[in-house]
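Novice: As a plain string of letters, each chain reads:
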Amino acid sequence: MKRKISETPKHTLNDLPSGIDGRVTAVNGTGPVMRRLMEMGVVPGVDVQVVKAAPFGDPIEVRVRGYSLAMRRSEADSIEVSF
Amino acid sequence: MENEAKPQLTIALAGNPNAGKTTLFNALTGLKQKIANYPGVTVERKEGVWIVNGETANLVDIPGLYSLDATSLDEQIARDVITGKQAGLPKPDVIVAVVDATNLERNLYLVTQLFEFGIPVVIALTMIDVFEDQKHEIDIEMVSVLLKTPVVAVNVKTGRGIDELAAKVAEVRGTTPVVPYVYDEGGDEAGPHGKIFSRYNFISSVVQDSVWHSDQSSHRISDKIDKVLTHKFFGLVILVAILLVVFQTIFSWASLPMDLLEQGFGAAADLVRAQMPPGILTDLIADGIIAGVGGVVVFLPQILLLFLFISLLEDSGYMSRAAFLLDKLMSRVGLHGKAFLPLISSFACAIPGIMATRTIESRRDRFATIMIAPFMSCSARLPVYTLMIGAFFGGQYVFGFISVGALLMLIMYSIGIIVAIIVAFILKRTVLKSPPPPFLMELPPYRLPNLRTVFQNMLTRAWLFLKRAGTVILAISIILWALMYFPRSSRQSVVSSQQTEAAKSVPGTAATGDVIDEPRTTDNEPLPESEQLKHSFAGRLGHIIEPVIAPLGFDWKIGVALIASFAAREVLVSTLSIIYNVGKDENEESETLIAAVRDAKTDDGRPAWTPLTALTLMVFFVLAMQCMSTIAVVRRETNSWSWPIFMTVYMTVLAYIAAFITYQGGKLLGYG
Numbered sequence: 593m594k595r596k597i598s599e600t601p602k603h604t605l606n607d608l609p610s611g612i613d614g615r616v617t618a619v620n621g622t623g624p625v626m627r628r629l630m631e632m633g634v635v636p637g638v639d640v641q642v643v644k645a646a647p648f649g650d651p652i653e654v655r656v657r658g659y660s661l662a663m664r665r666s667e668a669d670s671i672e673v674s675f
Numbered sequence: 002m003e004n005e006a007k008p009q010l011t012i013a014l015a016g017n018p019n020a021g022k023t024t025l026f027n028a029l030t031g032l033k034q035k036i037a038n039y040p041g042v043t044v045e046r047k048e049g050v051w052i053v054n055g056e057t058a059n060l061v062d063i064p065g066l067y068s069l070d071a072t073s074l075d076e077q078i079a080r081d082v083i084t085g086k087q088a089g090l091p092k093p094d095v096i097v098a099v100v101d102a103t104n105l106e107r108n109l110y111l112v113t114q115l116f117e118f119g120i121p122v123v124i125a126l127t128m129i130d131v132f133e134d135q136k137h138e139i140d141i142e143m144v145s146v147l148l149k150t151p152v153v154a155v156n157v158k159t160g161r162g163i164d165e166l167a168a169k170v171a172e173v174r175g176t177t178p179v180v181p182y183v184y185d186e187g188g189d190e191a192g193p194h195g196k197i198f199s200r201y202n203f204i205s206s207v208v209q210d211s212v213w214h215s216d217q218s219s220h221r222i223s224d225k226i227d228k229v230l231t232h233k234f235f236g237l238v239i240l241v242a243i244l245l246v247v248f249q250t251i252f253s254w255a256s257l258p259m260d261l262l263e264q265g266f267g268a269a270a271d272l273v274r275a276q277m278p279p280g281i282l283t284d285l286i287a288d289g290i291i292a293g294v295g296g297v298v299v300f301l302p303q304i305l306l307l308f309l310f311i312s313l314l315e316d317s318g319y320m321s322r323a324a325f326l327l328d329k330l331m332s333r334v335g336l337h338g339k340a341f342l343p344l345i346s347s348f349a350c351a352i353p354g355i356m357a358t359r360t361i362e363s364r365r366d367r368f369a370t371i372m373i374a375p376f377m378s379c380s381a382r383l384p385v386y387t388l389m390i391g392a393f394f395g396g397q398y399v400f401g402f403i404s405v406g407a408l409l410m411l412i413m414y415s416i417g418i419i420v421a422i423i424v425a426f427i428l429k430r431t432v433l434k435s436p437p438p439p440f441l442m443e444l445p446p447y448r449l450p451n452l453r454t455v456f457q458n459m460l461t462r463a464w465l466f467l468k469r470a471g472t473v474i475l476a477i478s479i480i481l482w483a484l485m486y487f488p489r490s491s492r493q494s495v496v497s498s499q500q501t502e503a504a505k506s507v508p509g510t511a512a513t514g515d516v517i518d519e520p521r522t523t524d525n526e527p528l529p530e531s532e533q534l535k536h537s538f539a540g541r542l543g544h545i546i547e548p549v550i551a552p553l554g555f556d557w558k559i560g561v562a563l564i565a566s567f568a569a570r571e572v573l574v575s576t577l578s579i580i581y582n583v584g585k586d587e588n589e590e591s592e593t594l595i596a597a598v599r600d601a602k603t604d605d606g607r608p609a610w611t612p613l614t615a616l617t618l619m620v621f622f623v624l625a626m627q628c629m630s631t632i633a634v635v636r637r638e639t640n641s642w643s644w645p646i647f648m649t650v651y652m653t654v655l656a657y658i659a660a661f662i663t664y665q666g667g668k669l670l671g672y673g
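Residue numbers (the working numbering), protein chains in the order written: chain L, 593 to 675; chain X, 2 to 673.
Simulated from the structure, these hints should not be mistaken for lab results.
One or more hints might be untrue.
Claimed, not checked - Simulated restraints, written as ranges between beta carbons of each label pair: (1) X:SER404 x L:ASP669: 48 to 54 Å; (2) X:ILE646 x L:ASN620: 38 to 44 Å; (3) L:ASP669 x X:TYR398: 51 to 57 Å; (4) L:LYS602 x X:GLU56: 54 to 60 Å; (5) L:GLY623 x X:SER256: 46 to 52 Å; (6) L:GLY623 x X:GLY55: 44 to 50 Å.
Stated by the list, open to error - With a straight-line cut-off of 35 Å between C-alpha atoms, the simulated DSBU-like cross-links for lysine-lysine are: (7) X:LYS196 x L:LYS602; (8) L:LYS602 x X:LYS434; (9) X:LYS225 x L:LYS644; (10) L:LYS602 x X:LYS233; (11) X:LYS228 x L:LYS602; (12) X:LYS158 x X:LYS136; (13) X:LYS136 x L:LYS644; (14) X:LYS434 x X:LYS86; (15) X:LYS233 x X:LYS136; (16) L:LYS644 x L:LYS602; (17) X:LYS668 x X:LYS535; (18) X:LYS196 x L:LYS644; (19) X:LYS329 x X:LYS429; (20) L:LYS602 x X:LYS429; (21) X:LYS136 x X:LYS149; (22) X:LYS668 x X:LYS602; (23) X:LYS434 x L:LYS644; (24) L:LYS644 x X:LYS228; (25) X:LYS329 x L:LYS644; (26) L:LYS602 x X:LYS329; (27) L:LYS644 x X:LYS158; (28) L:LYS602 x X:LYS225; (29) L:LYS644 x X:LYS233; (30) L:LYS644 x X:LYS429; (31) X:LYS35 x X:LYS158.
To be verified - Partner residues are not named here, just some residues of chain X that face chain L (Cβ under 8 Å, in silico): (32) ILE197; (33) PHE198; (34) THR231; (35) LYS233; (36) GLY236; (37) LEU237; (38) PHE325; (39) LEU326; (40) ASP328.
Here the structure is a predicted model, which means the values were calculated and not measured.
Glycine residues also receive a C-beta, built at the ideal position from the N, C-alpha and C atoms.
Starting from the given sequences, assemble the full structure and let the hints guide the process.
Specialist: See below:
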């Protein structure tokens, strides 16, 4: 196996520590969820921040385009970020 | 509006949720609003009259939405309205797009879609005062130039921009809009949704050239409030406290007007009796119509109060926080976080609870919530529980200090909750099966609620409840009345003087007090009410269903009470009073009714009630769909008869099975 730097594991929004700026690199997932995420402004290239998690660890509050968006962990999993 | 001259001008009002659309709509139209449902669906259709430069315009409020891609029902309808495909609505001449200045990028996304319909758009920029208070700056001229469309900053409180908005609408009317950007659909890096990607790219460039943020402070106050309100521990404590206050208030504030309404309807029935000649028409009006309608209208104070609180919680931004806090718990059962409030409300009364499910966007989630809401033990079950406990379990204690009554009460409430969880679990995996809907919910900044919007919302709900539920309930109560009234027993038709007495002694839901006090004619023995009831259709039905309910330990008289209480659960108490000849205005705490229930005998002379029978009846009432008002509301909210019928059938079957297990199990264990 060749080792390349680009093969480092991809991070999702769930890996982003709260309060740290991240940038969306890709939005995966199934059709309607992915579409809805993008319509709400989560498109590749946008800056995101995880604000906090709800009392039972799920859902999470995400800051994107200047507003707060709540999403479940399962949805956050389909958002790839770099940070 | 159908009867008036049709306005020549149709204007659609579109915008994101929480953008201030409702407040603007109210400010533009005043009280001249018409609210209905779009045909075949439960999406609300709101229209009002807006005077634009002296001309009467029909302002159509499009449901608040984030996108027009027609993936949800709201979006489909919004699209139909804009393209003129919605029956009864001409294609709009102008679209007013409400855009929240504090949330510009995401709000403009919908606007970029609106540009594509070839209808001129005027942007109403709201929350501009909040935006400027936060020391941000926006070049409205520049936004207008870049978007190639008029932009007007509006503030409903100060009246800023309202006239200018009308002027701009008149100005652009009839013009052909220019789409201010070109798609770059070739971009593969954006994935299959390149269009969304390129719209946001355009928006980013517009915002970059026209807005200067002081820093990232726009959420500071809300963040501080959220530190407490969505705190892992205190957030939940505060949520419970808020709910307690809401329900305590609903119970205590609503009880006085509810009593007054009840007395008022009682007085109205008495008045009808006093003023009209005795006869079938008087009975129909007093016991059928007034009692039936009155039985529904008494719920009005609770509905008004609940919707006052719901509007306050929604408008302030707290509601979405509550859903955020509880989504994990609710999703374990397969429900949305927003289902918690309708379900909690249903402990007061399932009717406002079911109406409150409108905040849940996903239809399947909403229907699942509606289907289980009646399992929450509502206040109408209390008279039934109280009577049964008072008659058979009063003054008993376990371990010397826990009252059996309180314990039974707790068990009844718990049975309802547990069954609701199980049913929701099953429904979400069968008939209402759906992939877990994306829980993508905006957490809007906290705002002081607009009182006018709050009150208008409250009154709208109340009116819809009265209008729609009232008609169905009226019909059902007349049918129930007739079942207990007809056929008139043959004995009285011989002696005409008895008719007066017999006519007064009609079972019904009204607590008309003077039945027993009425001097009875001595020469001809009057037909007792219980005799009349026995020979009525309801009495015969009681006999017919006796074999079915015998395994539950119920005789035909209890059967009649079960049939009558189908109108409303608490009717069981007044019907039992009639059957046991106690007097109509007995309430559940009445000693004589308790004594009558204890002493009641079946036709073959055995005691009609045992503690086990009482327990069985309580279990039956936890689960059975004994409330025609709820059925009428479910009919309205689901826009079909199949859901309320399904609900009634499955709840009755469940109630029967549970009551059967209780009674037969109790007998096996040697009780009863």
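Novice: Take the C-alpha atoms of LYS644 of chain L and LYS602 of chain L, compute the straight-line distance between them, and say whether it is at most 35 Å.
Specialist: Judged against 35 Å, a Cα distance of about 22 Å means the pair holds.
Novice: Is LYS668 of chain X close enough to LYS602 of chain X, meaning Cα to Cα at most 35 Å?
Specialist: holds, 19 Å
Novice: Given the hint that LYS196 of chain X pairs with LYS602 of chain L, test it: the Cα-Cα distance must not exceed 35 Å.
Specialist: holds, 25 Å
Novice: Does LYS233 of chain X sit within 35 Å of LYS644 of chain L, going by the straight-line distance between their CA atoms?
Specialist: holds, 10 Å
Novice: Checking one constraint from the list: CA of LYS228 of chain X to CA of LYS602 of chain L, max 35 Å. Satisfied?
Specialist: Since the Cα atoms of LYS228 of chain X and LYS602 of chain L sit roughly 31 Å apart, the hinted pair holds (cutoff 35 Å).
Novice: When you check the alpha-carbon spacing of LYS158 of chain X and LYS136 of chain X, does it fall within 35 Å?
Specialist: Holds, at roughly 20 Å.
Novice: Quickly compare the C-alpha distance for LYS434 of chain X and LYS86 of chain X to 35 Å and report which way the hint goes.
Specialist: holds, 31 Å
Novice: Using 8 Å as the Cβ threshold, decide whether ASP328 of chain X counts as touching chain L.
Specialist: holds, 5 Å
Novice: For the hint 51 to 57 Å, verify it against the beta carbon of ASP669 of chain L and that of TYR398 of chain X.
Specialist: holds, 54 Å
Novice: Can you confirm whether the C-alpha distance between LYS644 of chain L and LYS158 of chain X stays at or below 35 Å?
Specialist: holds, 34 Å
Novice: For the pair we were handed, LYS602 of chain L and LYS429 of chain X, check the Cα-Cα distance against 35 Å.
Specialist: The given pair, whose Cα atoms are some 34 Å apart, holds under the 35 Å limit.
Novice: Interface hint check: GLY236 of chain X, Cβ to nearest Cβ on chain L, cutoff 8 Å. Holds or violated?
Specialist: This hint holds: GLY236 of chain X lies near chain L, its Cβ roughly 6 Å from the closest one there, short of 8 Å.
Checked against the numbered hints given earlier, the structure satisfies every one of them.
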